[in-house]
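Protein chains: 2
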Amino acid sequence: MRKIINVPGDFVDEVVEGMLAAHPELRAASADLRAVVRADAPRPGKVGLVTGGGSGHLPVFAGYVGRGLCDGVAIGNVFSSPSAAQVYAATEAVSGGAGVLYLYGNYGGDIYNFDLASDLARAAGIPTATVLAADDVASAGPERRSARRGVAGMVFTFKIAGAAAERGDDLATVTAIARRAGARTATLGVGLSPTILPAAGQPTFTLDEGEMEVGIGIHGEPGVHRGPLETADTIADRMLDQIVADLDLAAGQRVGVLVNGLGATPLEELYLSSATS
Amino acid sequence: MRKIINVPGDFVDEVVEGMLAAHPELRAASADLRAVVRADAPRPGKVGLVTGGGSGHLPVFAGYVGRGLCDGVAIGNVFSSPSAAQVYAATEAVSGGAGVLYLYGNYGGDIYNFDLASDLARAAGIPTATVLAADDVASAGPERRSARRGVAGMVFTFKIAGAAAERGDDLATVTAIARRAGARTATLGVGLSPTILPAAGQPTFTLDEGEMEVGIGIHGEPGVHRGPLETADTIADRMLDQIVADLDLAAGQRVGVLVNGLGATPLEELYLSSATS
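Here the protein sequences line up with chains B and A, keeping their order. Under my numbering, think of the first position of the first sequence as 186, with each following residue one higher. Under my numbering, think of the first position of the second sequence as 186, with each following residue one higher.
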């Protein structure tokens with residue numbers, strides 16, 4: 186396991202400590218450091234945006250706390266949901282009186298805990314709304330969009346809903362804008378190597394040298410195609426064919442393109458893929 | 186070779202095409218796209234900062250072209266110096282009448298070509314000065330500082346000299362500031378796996394699973410210690426002991442800390458290392 190860590194059980198806590206040390210614009214909102222918010226939270230009259238989920242995906246989620254983005258994040262263990270108490274701690278810390286929007290990926294554990302936190306928030310007089318990111322076209326067909334996994338596409342939702350909240354839109358408006366942005370977003374992932382959980386020390390699946398898997402999930406969920414590694418052009422064509430069809434795009438329409446890796450893809454290969462797509 | 190590329194020979198050109206497509210604040214200053222400058226270059230009366238070197242190190246070098254940083258970059262092939270013509274193209278494009286400072290790493294091929302470009306610039310009436318980054322403490326002892334390799338520490342020089350140039354300092358002043366920043370910067374690298382050149386398809390050296398190499402260079406130059414992979418705390422102690430001694434730091438002095446990877450280190454491990462250092 187080629188990882189620079191200390192004790193696997195301390196991995197997430199030490200990552201958060203490092204983020205807080207590196208970014209004075211963030212502060213912890215819970216004693217366990219698993220709720221992190223903008224240092225200037227709460228902002229009176231502003232809709233608060235809270236995201237969260239398991240660790241192991243940086244910059245998702247904690248990297249998207251900032252001006253014009255999310256106000257707070259709840260940070261779970263590696264690939265595990267944060268607890269309802271952690272989500273609630275973030276909620277309370279960012280609540281400026283205009284309600285709080287939950288923006289996160291469509292995963293069962295996260296939904297369970299964010300929903301519980303929403304009950305706690307309601308009991309405390311903080312209205313909440315929820316928009317789930319569900320952008321991964323490989324995880325369910327167009328007739329079952331709401332069953333899709335949320336992956337990189339949620340970054341657009343953070344940015345667009347974050348801008349709406351920053352300019353003072355109310356909770357219903359920010360929620361509608363976030364939902365519309367999410368509904369018009371489609372993504373597809375390709376993996377060349379498996380991930381290794383610090384606690385397990387073993388790959389989550391195997392993929393031979395020279396193989397690629399298309400449609401792979403952010404936690405190594407199985408994709409829809411496995412075969413020999415192809416050129417960047419062919420991979421981009423594969424991805425775009427499916428995404429363009431899914432969004433029913435017509436020639437001349439303007440789109441925003443996000444090319445990202447899952448942590449270990451060199452920047453060069455991401456730029457190269459941008460050129461070919 | 187787990188790389189998302191097309192033809193290895195097109196690798197660098199396609200990376201640059203992607204950067205230009207993604208960043209409208211940049212523009213090409215040569216037909217071969219290997220000189221890239223700020224879109225608003227030249228800025229009249231401002232000292233121009235030009236950097237450059239081989240490809241394969243993003244965000245070094247092209248990622249540091251922007252406001253308050255460098256004005257232009259010359260982009261070589263993977264781990265190869267740009268040509269003098271490419272450096273000169275960047276020089277000419279950023280020259281706003283106040284001279285141009287060359288800021289780059291201490292490597293023979295780069296020195297050769299930047300020096301040639303400087304001759305071309307002088308012939309064209311553009312004064313230049315040069316500051317070499319030489320921050321890697323593992324590459325030469327304190328008595329031979331000027332023989333050191335330039336690695337991540339040059340980012341501080343870009344930032345500090347870039348700020349001086351942005352506020353209107355003249356060439357002699359920006360040069361002196363860059364030199365002073367560089368002289369007070371020390372870095373050390375640790376590698377857990379070798380790099381693979383797209384054209385070669387083979388690792389540049391071998392490192393067994395579970396091993397680490399301390400003092401490794403940015404191109405895989407041999408380090409000063411190889412042994413079993415240690416914890417993040419132990420690695421940080423190793424690095425800091427050497428860096429603190431080299432800079433002759435005393436308790437209470439303030440320092441800027443940069444923790445970076447060489448392209449494939451997940452953000453989590455970098456933040457974790459920040460917490461432990």
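Check before you lean on any hint, since a few could be wrong.
As the list makes no split between identical chains, a pair holds if one copy fits it or if it spans any two.
Unchecked claim - EDC-like, lysine to aspartate or glutamate: derived pairs with alpha carbons at most 20 angstroms apart:
(1) 344 to 418
(2) 188 to 422
(3) 188 to 433
(4) 188 to 304
(5) 344 to 225
(6) 188 to 418
(7) 344 to 406
(8) 344 to 426
(9) 344 to 198
(10) 344 to 202
(11) 344 to 354
(12) 188 to 217
(13) 188 to 354
(14) 344 to 355
(15) 344 to 217
(16) 188 to 225
(17) 344 to 300
(18) 344 to 431
(19) 188 to 431
(20) 188 to 328
(21) 188 to 415
Simulated from the structure, these hints should not be mistaken for lab results.
Hint-by-hint comparison with the structure:
1. Within a single copy, residue 344 and residue 418 get their C-alpha atoms no closer than 28 angstroms, and across copies no closer than 36 angstroms, so neither meets the 20 angstroms cut-off.
2. In this assembly of identical chains, residue 188 and residue 422 lie within 20 angstroms of each other by CA distance solely across copies; the values are 17 angstroms between and 33 angstroms within a copy.
3. Taking the closest pair of Cα atoms, residue 188 and residue 433 never come within 20 angstroms of each other, the shortest separation being 42 angstroms inside a single copy and 30 angstroms across copies.
4. In this assembly of identical chains, the alpha carbons of residue 188 and residue 304 never lie at most 20 angstroms apart, being 39 angstroms within a copy and 46 angstroms across copies at closest.
5. In this homomeric assembly, residue 344 and residue 225 come within 20 angstroms of each other (Cα to Cα) only inside a single copy, at 19 angstroms, whereas the closest approach across copies is 27 angstroms.
6. In this homomeric assembly, residue 188 and residue 418 come within 20 angstroms of each other (Cα to Cα) only across copies, at 12 angstroms, whereas the closest approach inside a single copy is 31 angstroms.
7. In this assembly of identical chains, residue 344 and residue 406 lie within 20 angstroms of each other by CA distance neither inside one copy nor across copies; the values are 26 angstroms within and 41 angstroms between.
8. When the C-alpha separation of residue 344 and residue 426 is checked against a cutoff of 20 angstroms, the pair qualifies neither within a copy, at 25 angstroms, nor between copies, at 42 angstroms.
9. For a Cα distance limit of 20 angstroms, the shortest separation of residue 344 from residue 198 qualifies neither inside one copy, at 27 angstroms, nor across copies, at 31 angstroms.
10. Taking identical chains as interchangeable, the C-alpha atoms of residue 344 and residue 202 are never at most 20 angstroms apart, the minima being 25 angstroms within one chain and 26 angstroms between chains.
11. Proximity of residue 344 and residue 354 under a CA criterion of 20 angstroms is satisfied intra-copy only: 14 angstroms inside one chain copy versus 37 angstroms between copies.
12. Proximity of residue 188 and residue 217 under a CA criterion of 20 angstroms is satisfied in neither setting, with 24 angstroms inside one chain copy and 39 angstroms between copies.
13. For the identical chains of this complex, residue 188 and residue 354 are neighbours neither inside a copy (43 angstroms) nor across copies (44 angstroms), given an alpha-carbon limit of 20 angstroms.
14. In the homo-oligomer, the alpha carbons of residue 344 and residue 355 lie at most 20 angstroms apart inside one protomer (16 angstroms), although the nearest pairing across protomers, at 40 angstroms, exceeds that limit.
15. Taking the shortest alpha-carbon separations for residue 344 and residue 217, neither the intra-copy value of 28 angstroms nor the inter-copy value of 35 angstroms comes in at or below 20 angstroms.
16. In this homomeric assembly, residue 188 and residue 225 never come within 20 angstroms of each other (Cα to Cα): the closest approach is 34 angstroms inside a single copy and 42 angstroms across copies.
17. Taking the shortest alpha-carbon separations for residue 344 and residue 300, neither the intra-copy value of 23 angstroms nor the inter-copy value of 45 angstroms comes in at or below 20 angstroms.
18. For the homomeric pair residue 344 and residue 431, neither the shortest alpha-carbon distance inside one copy (22 angstroms) nor that between copies (43 angstroms) is at most 20 angstroms.
19. When the C-alpha separation of residue 188 and residue 431 is checked against a cutoff of 20 angstroms, the pair qualifies neither within a copy, at 37 angstroms, nor between copies, at 27 angstroms.
20. Proximity of residue 188 to residue 328 under the C-alpha cut-off of 20 angstroms is found in neither arrangement, the shortest distances being 40 angstroms within a copy and 34 angstroms between copies.
21. Within a single copy, residue 188 and residue 415 get their C-alpha atoms only as close as 28 angstroms, which misses the 20 angstroms cut-off; across copies the closest is 9 angstroms, which meets it.
Of the numbered hints given earlier, the model fails hints 1, 3, 4, 7, 8, 9, 10, 12, 13, 15, 16, 17, 18, 19, 20; all others are met.
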